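With chain A fixed as given, assemble chain R onto it according to the hints.
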Amino acid sequence: MGTLRLHRHGAPPLEVSQDRVLVGRDPSCDMVIDDKSVSRRHAYFERRGPGWAVVDQGSANGTFVNGAQVMDAELQDGQELRLGMVPLRVEMESPMQGTVLMGGPALGTVMMPAGGMPPMPPPASAPAGWGAHQPAYAAPAQPAYAPPPPQQYAPPAAPYAQPAAPAYAPSPQEEAAALLGVHPQSTPEDVKARYTEMAADLETKLANARTPHLKTTYQRNLDELQKAAEMLSPGFTTVDVADLPAAAPTVVPHEMDISLPEAVRMMGERPPDADQPKAGLPPASAVAIGFITMGMIAMTAYFGLSAGKQRKALDKKLADPAIVQAGNDAIKYKSIEALEQAGALVNGKLKLCNKGTQPFEVGWIGAVYSAKSPDTGKTVLTSFNSGFCGGNDLRVVISPGGEKAIDISGSDPRCKWDGQGLFYSVAFKDPKDPEKQLRLAGPLHNRTDCANFGEGW
Amino acid sequence: MAKNPAPKKKFPVPISTLICLAVAAPVGWWTFNTYRKWATFRTIEVESDRKLAAQQKRNTELSVVYDAVQLKKFTVCNKTPDVITVNWVGAAFHDGKAVEVFNSDHCQDFKPIVLDPGSDSSVLLRSSQPGCNWDGSVFYYAMRYTQENENEERYRIYNMVGPYQGFDRDCYTFR
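So the protein sequences, as listed, match chains A and R.
For the first sequence, this note's numbering puts the final residue at 457, and the numbers step up evenly by one.
For the second sequence, this note's numbering puts the final residue at 632, and the numbers step up evenly by one.
These are calculated hints, taken from the structure and not from any lab test.
Predicted model, so just to flag it, every value in this text is computed and none were measured.
There's no promise every hint is true.
DSBU-like cross-link-like pairs, simulated, lysine-lysine; straight-line CA separation at most 30 Å [claimed, not checked]:
1) R:LYS554 - R:LYS514
2) R:LYS508 - A:LYS334
3) A:LYS378 - R:LYS494
Excised from the complex, chain A in its bound form (with noise of 0.2 Å):
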């Protein structure tokens, strides 16, 4: 049995003689690792045959061989590995310790023992055949053995050259019976049989496959099942089975009974509690939804709370003087709206017109008009009296058809008015009695017509 050697940098190597070791972070591991870029349990190594295998257990940072990340890869010597950031090399030892390589005339290069040890039989046989347990990737056969020729005697070989490459490979279809884990010989309902079985089975999982990897698996594992049972059974599909796959195993989860590695079936799919949370967690969308509720809980009761004080407030301010003063006085002048609207305190010029038939001279003129209070700024009511003037301040005579619009500017204070009033009364002077008035009195807000006199006079 030989021995695998993992030389890391700068510490002695690694020395993994037994069939199975577990390398990791974890001192519980076979073989320790302590750097934090390795798992705790990050791969283990496997002898497979005379070779030796890297199984990744899922670890964070990767397993990787000659720089691809692998699941599960055979291992060969000179090899470069690497467990998450640690870089190691591959050194895989003979049995025969200090064997030496030598070219071989028909099958290359054979092992010799060094030091003249008698060499090995060449097997008598092929593998017995393909059982219905027969696992895909049956150990490589021995390789052939040849004496060596004197003249071909080659150099000690390197320490980490390729080992010698396996004298037999399974035919195709042994390959395809070991897929399906049927016979070779199977009959086309067996392998129907059989093919359909693990075919629903893998639609099932890819169906509730989780993510694009395992889709990408479970498909190629559903494809190379359906070349495998076309290539036993032919025109079972319509695949074209010219690319069968090779010899290298393919995985296929649980139910084919060609005792896969456990790794690689778990290459394949999740682990079995991947999709289901950890025990006493609800799964992250219940913590979604939970958190979501809680925070609607807190904002109905931030709503119902404010909207109490609200309506308190709400009730309180209806109740406030204030707004009951302004609600009755809004009814009391509910009643002069109208004559608000038609401008009762916007002054009107007055402009008199003779409709007369001889002319009229203005005796006395009183009027009415709103002004800004210079005091308050407020509207307030003011008269104009024509009383006050002195006798040459107005003089105003309308000749017949004649209109005159009324501005008073007289050396007395109170003698000054512009026209600009709410109402007005004029007395004119009769032509034919002046003792007599005749007096015109009426609104001048919004007004912009004449004030006729005189018709019928």
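What follows is chain R alone, placed relative to chain A:
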């Protein structure tokens, strides 16, 4: 060869999620209703403030007009030792919508009002003549009156005008 039973298909939504959803739905409805109530009160409160401010502003505007156009009954009171004769009356009054004017010169039934010293009288006219049936309501007035003094040879003539409620609220008083 061992056969595994067909894997049982799982319901895609965990039961705990379903329970949470079942709780969240009525809570969401509750929250929405509470929010709606809160928003309604808030709207009413804001709206009520706005309406109050607008109403108060409008009331202020109307109060000036209201005071100006308040109707009173035209009454004259003679507080002088002389005889007062009201020869002519002009008055503005309204029915709440439009302003109307009474002019005693246009009314044949109007007779001068003679006020002995210390007497008073309502100024109105009941007449069937159009525009002359006036109940004495007034907010602007104009009048011409004479004051006769025994010691003077001539009587005095006065023309007066103004807002009625602005002077001796209940009675236009001759002093």
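**Prompt:** Which of the numbered hints above does this structure break?
**Reply:** 3
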